[in-house]
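Colleague: Spelled out, the chains give:
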Amino acid sequence: MAEREKKPENIPMLEVRNLSISFGGLKAVDGFHISIEKGCLYGLIGPNGAGKTTVFNLLTGVYKPNTGTILLDGANITGKKTIEINQAGIARTFQNIRLFKDMSVLDNVKVGLHNHYRYSTLTGILRLPAYFKVEKEMNERAMELLKVFDLDGESGYKASNLPYGKQRKLEIARALATDPKLLLLDEPAAGMNPNETAELMETIHFVRDHFQMTILLIEHDMKLVSGICEKLTVLNFGQILTQGETSQVLNDRRVITAYLGE
Amino acid sequence: MGFLSYFISGVSLGAVYAIIALGYTMVYGIARMLNFAHGDVIMVGGFVIFTIVSTLGMPPFVGIVTAVAACTVLGVTIERVAYRPLREASSLAVLITAIGVSYLLQNIALLVFGSNSRQFTPIVTLPNLVLAGGKLTISSTTIVTIITCIVIMIALTLFINKTRMGQAMLAVSEDRGAASLMGIDVNKTIAVTFAIGSALAAIAGALLCSAYPSLTPYTGSMPGIKAFTAAVFGGIGSVPGALIGGIVLGIIENLSKAYISSQLSDAIVFAVLILVLLIRPTGILGRKINEKV
Amino acid sequence: MTKKKIRIQNAVTYGMVLIFWAVVEIMDRTGNLSSLLKGLLVPLCMYAILAVSLNLTVGILGELSLGHAGFMCLGAFSGAFLTNCLEGAVPSVGVRFFLALLLGALVAGVFGLLIGIPVLRLKGDYLAIVTLAFGEIIKNLINVLYVGYDANGFHFSMKDTTSLGLDKETGVILIKGAQGITGTPRAATFTIGILLLLLTLFIVLNLINSRTGRAVMSIRDNRIAAESVGINVTKYKLMAFSISAALAGMAGVLYAHSLSTLQASSNNFGYNKSILILVFVVLGGLGNMRGSIIAAVLLTALPEMLRGLNDYRMLIYAIVLIVMTIFNSSPKAIELRSVVMDKIRHKKTEKKEAA
Numbered sequence: 001m002a003e004r005e006k007k008p009e010n011i012p013m014l015e016v017r018n019l020s021i022s023f024g025g026l027k028a029v030d031g032f033h034i035s036i037e038k039g040c041l042y043g044l045i046g047p048n049g050a051g052k053t054t055v056f057n058l059l060t061g062v063y064k065p066n067t068g069t070i071l072l073d074g075a076n077i078t079g080k081k082t083i084e085i086n087q088a089g090i091a092r093t094f095q096n097i098r099l100f101k102d103m104s105v106l107d108n109v110k111v112g113l114h115n116h117y118r119y120s121t122l123t124g125i126l127r128l129p130a131y132f133k134v135e136k137e138m139n140e141r142a143m144e145l146l147k148v149f150d151l152d153g154e155s156g157y158k159a160s161n162l163p164y165g166k167q168r169k170l171e172i173a174r175a176l177a178t179d180p181k182l183l184l185l186d187e188p189a190a191g192m193n194p195n196e197t198a199e200l201m202e203t204i205h206f207v208r209d210h211f212q213m214t215i216l217l218i219e220h221d222m223k224l225v226s227g228i229c230e231k232l233t234v235l236n237f238g239q240i241l242t243q244g245e246t247s248q249v250l251n252d253r254r255v256i257t258a259y260l261g262e
Numbered sequence: 263m264g265f266l267s268y269f270i271s272g273v274s275l276g277a278v279y280a281i282i283a284l285g286y287t288m289v290y291g292i293a294r295m296l297n298f299a300h301g302d303v304i305m306v307g308g309f310v311i312f313t314i315v316s317t318l319g320m321p322p323f324v325g326i327v328t329a330v331a332a333c334t335v336l337g338v339t340i341e342r343v344a345y346r347p348l349r350e351a352s353s354l355a356v357l358i359t360a361i362g363v364s365y366l367l368q369n370i371a372l373l374v375f376g377s378n379s380r381q382f383t384p385i386v387t388l389p390n391l392v393l394a395g396g397k398l399t400i401s402s403t404t405i406v407t408i409i410t411c412i413v414i415m416i417a418l419t420l421f422i423n424k425t426r427m428g429q430a431m432l433a434v435s436e437d438r439g440a441a442s443l444m445g446i447d448v449n450k451t452i453a454v455t456f457a458i459g460s461a462l463a464a465i466a467g468a469l470l471c472s473a474y475p476s477l478t479p480y481t482g483s484m485p486g487i488k489a490f491t492a493a494v495f496g497g498i499g500s501v502p503g504a505l506i507g508g509i510v511l512g513i514i515e516n517l518s519k520a521y522i523s524s525q526l527s528d529a530i531v532f533a534v535l536i537l538v539l540l541i542r543p544t545g546i547l548g549r550k551i552n553e554k555v
Numbered sequence: 556m557t558k559k560k561i562r563i564q565n566a567v568t569y570g571m572v573l574i575f576w577a578v579v580e581i582m583d584r585t586g587n588l589s590s591l592l593k594g595l596l597v598p599l600c601m602y603a604i605l606a607v608s609l610n611l612t613v614g615i616l617g618e619l620s621l622g623h624a625g626f627m628c629l630g631a632f633s634g635a636f637l638t639n640c641l642e643g644a645v646p647s648v649g650v651r652f653f654l655a656l657l658l659g660a661l662v663a664g665v666f667g668l669l670i671g672i673p674v675l676r677l678k679g680d681y682l683a684i685v686t687l688a689f690g691e692i693i694k695n696l697i698n699v700l701y702v703g704y705d706a707n708g709f710h711f712s713m714k715d716t717t718s719l720g721l722d723k724e725t726g727v728i729l730i731k732g733a734q735g736i737t738g739t740p741r742a743a744t745f746t747i748g749i750l751l752l753l754l755t756l757f758i759v760l761n762l763i764n765s766r767t768g769r770a771v772m773s774i775r776d777n778r779i780a781a782e783s784v785g786i787n788v789t790k791y792k793l794m795a796f797s798i799s800a801a802l803a804g805m806a807g808v809l810y811a812h813s814l815s816t817l818q819a820s821s822n823n824f825g826y827n828k829s830i831l832i833l834v835f836v837v838l839g840g841l842g843n844m845r846g847s848i849i850a851a852v853l854l855t856a857l858p859e860m861l862r863g864l865n866d867y868r869m870l871i872y873a874i875v876l877i878v879m880t881i882f883n884s885s886p887k888a889i890e891l892r893s894v895v896m897d898k899i900r901h902k903k904t905e906k907k908e909a910a
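Chains as they are written, first to last, in our numbering: chain A, 1 to 262; chain B, 263 to 555; chain C, 556 to 910.
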């Protein structure tokens with residue numbers, strides 16, 4: 001009874017319990033659990049091969065977990081397909097950028113808007129009035145999103161012609177276009193120089209505030225992690241080493257050992 | 263006895279498919295390309311033997327050796343001129359060039375030999391094997407074909423596993439970039455692969471034309487497609503896969519010709535291929551490819 | 556902006572087709588068209604439609620299909636079948652031809668869907684060989700199909716005409732196995748062909764620049780990312796594949812109505828035909844519909860224009876194919892071209908500066 005009296009606002013955005021998966025006998029992720037409050041900027045860190053990206057793949061339905069439950073805003077999404085999970089409200093970016101490289105920057109974002117602005121295929125082929133109306137709305141919304149990331153000037157470029165840092169931003173814009181509740185960022189600062197990283201930190205902050213977004217990010221750049229994450233979970237060999245407030249976690253001896261060795 | 267006879271000639275046809283399929287499978291495994299012209303190399307081999315044996319009247323042995331040599335040179339030349347410039351290009355571009363080479367070989371043959379079919383003199387002149395008091399006759403061509411296929415399979419397996427060049431082939435098929443960093447000459451390895459595949463095509467041509475002795479410029483293309491089907495069926499890139507795929511396909515084709523319909527035998531062969539691929543998307547012995555996210 | 560550019564590009568494509576039509580018509584009216592070229596006009600339209608529709612599968616969806624001739628075959632036979640069936644009921648050949656076009660496209664589209672469901676899970680070369688296999692199966696099955704009707708309705712057989720068991724008085728054989736369908740009115744004209752090509756372009760170009768087209772291209776560019784933003788990959792793959800098949804079916808109906816005898820021979824509908832269409836698509840440029848049309852027209856006309864060279868024409872064709880592909884796609888050739896282009900540009904700027 002006490003559980004039910006909780007107000008909806010107190011339900012965490014993401015609640016994961018006892019999540020595990022093994023590949024050929026090797027436990028890639030073992031007993032993973034996490035609880036992320038709404039509006040929180042949460043970091044998932046750990047050495048290479050700790051299973052961070054696997055966690056993302058489990059959360060987004062790329063892999064089906066062997067055990068565990070995943071609750072998004074109270075709804076059980078365990079074992080669902082990637083598309084269903086995206087429609088339920090999780091969007092992500094990828095460690096190795098996965099843009100629609102032969103499409104324009106604008107069209108990349110418009111693909112993200114696909115499920116929110118609809119008209120039938122026949123409407124599109126016959127160019128019925130609904131086509132022009134919805135396309136106009138899509139263009140406006142897409143340009144709005146591109147502006148947030150300072151990409152509106154490049155909207156007509158082919159995505160693969162953008163410089164690296166901007167490609168990462170475009171991926172975030174595309175993910176946001178699906179109007180998610182939870183945004184997963186897989187190493188957003190990888191390959192960026194310190195200036196770009198600093199700028200990215202600001203953008204992530206802005207996204208959180210502007211869209212009231214809950215964000216879970218994987219990152220190696222400790223400056224970024226300590227700079228913007230409110231809470232951290234540390235993974236090592238597929239298991240949780242520790243989790244909690246950022247300052248506490250980063251001073252944990254075990255974390256330092258895991259990163260630097262004995 | 264009828265069944266056994268159809269079955270054995272099916273194995274023999276399958277053995278030819280298997281030998282052709284080896285060429286497809288090795289080239290695909292190492293150069294990652296679908297060599298559409300491979301079937302036409304068989305036809306060239308057939309015409310070389312035809313010219314030497316039937317026109318010049320020399321012994322079949324000379325014909326085969328010349329055909330093997332000619333096809334080897336042809337295969338390496340095709341690779342050097344038409345495929346190597348496209349090594350880093352899209353696989354579709356390479357496919358189109360291969361189609362171009364296929365047209366080229368067919369039309370050269372058309373110019374030289376005309377479109378009328380030529381009667382091929384079987385190269386195997388041994389007596390047929392008569393069993394069970396005359397109830398079952400196995401032609402000598404059938405026996406020679408099956409034995410040749412077994413010998414080639416064993417030799418090729420030994421070559422790949424025991425020689426430096428064979429190991430280099432495995433390395434290139436695994437990871438071309440890494441292999442070249444390890445000091446393997448990728449171009450040379452691919453050239454050798456084409457040489458072997460084309461030499462085998464010449465032998466397949468000799469056997470195929472002995473079993474089905476009419477020779478036209480288009481003789482190679484359908485067996486080529488079927489052998490490619492066999493290679494995919496067995497798992498492309500796999501040597502034992504080519505053997506299994508070839509034999510199974512040959513048996514299915516011959517039995518369906520005998521018991522169902524000769525017009526539908528090709529449809530049945532292709533239907534079986536589709537079924538196998540739907541159940542095992544990379545063929546019977548093919549490796550599963552996982553995309554990393 | 557890009558949207559405007561796309562509109563201009565599309566207008567150029569439509570314009571090119573219209574100009575081609577006008578030029579040919581003028582030449583025809585003024586008697587400057589050889590009978591050889593006249594016979595080539597409907598096939599030219601057919602190949603252009605086939606190339607554009609295959610480009611939807613290969614260039615836009617990014618899947619390699621070698622079974623396009625199979626869909627064309629389905630369309631051709633169902634269309635010709637309908638035209639002959641309705642001979643008594645609908646006297647107007649034009650109406651029958653129109654209905655045949657609809658049915659041919661529908662049948663090919665439905666088969667595209669049915670084949671696509673199991674097959675589109677496969678990738679790359681595996682998909683290529685399976686589509687090739689399907690094309691051959693379709694051709695072989697139609698080759699042994701016998702259909703007739705009498706007062707009792709339709710009769711089917713896979714053996715021969717006698718096993719149809721038709722009533723001797725009222726029986727009519729429509730499809731005669733390897734001998735195919737005879738007596739289809741030759742209603743296909745160049746103008747109808749051009750109209751169908753324009754229709755194909757309208758469907759394909761509008762599809763590409765719509766919500767559906769973007770979804771299809773996103774699958775081509777990155778399937779995993781497309782799924783991650785909620786694109787239903789199976790749905791859009793099937794949609795593109797069956798639309799492509801339906802258009803090929805329509806081209807088949809056009810073809811069937813340009814022949815007095817339609818046979819499911821390897822020459823007409825074999826895998827070599829599928830490969831030929833793929834050649835148009837690749838040489839014209841993946842995703843480039845205008846290129847597909849140009850390649851289809853040039854490469855169909857080329858062997859005919861070389862007729863004077865008789866035996867050598869197909870040889871020249873093969874060499875052109877190889878050389879063009881290497882010139883288009885080889886990294887070295889591309890580099891060489893860009894160096895040359897840079898030099899030209901450099902000279903131009905120098906001239907400007909000098910001026």
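Note that these hints are calculated values from the structure, not bench results.
Be aware that a few hints might be false.
Below, computed lysine-lysine pairings styled on DSS-like, alpha-carbon distance capped at 25 Å [as the list claims (entries may be wrong)]:
#, chain 1, residue 1, chain 2, residue 2
1, A, 81, A, 38
2, C, 558, A, 158
3, C, 560, A, 158
4, A, 38, A, 101
5, A, 136, C, 558
6, C, 902, A, 101
7, A, 64, C, 678
Treat the numbers as computed from the prediction; the structure is a model and nothing was measured.
Colleague: Any hints from earlier that this structure breaks? Give me their numbers in increasing order, please.
Modeller: 4 and 6
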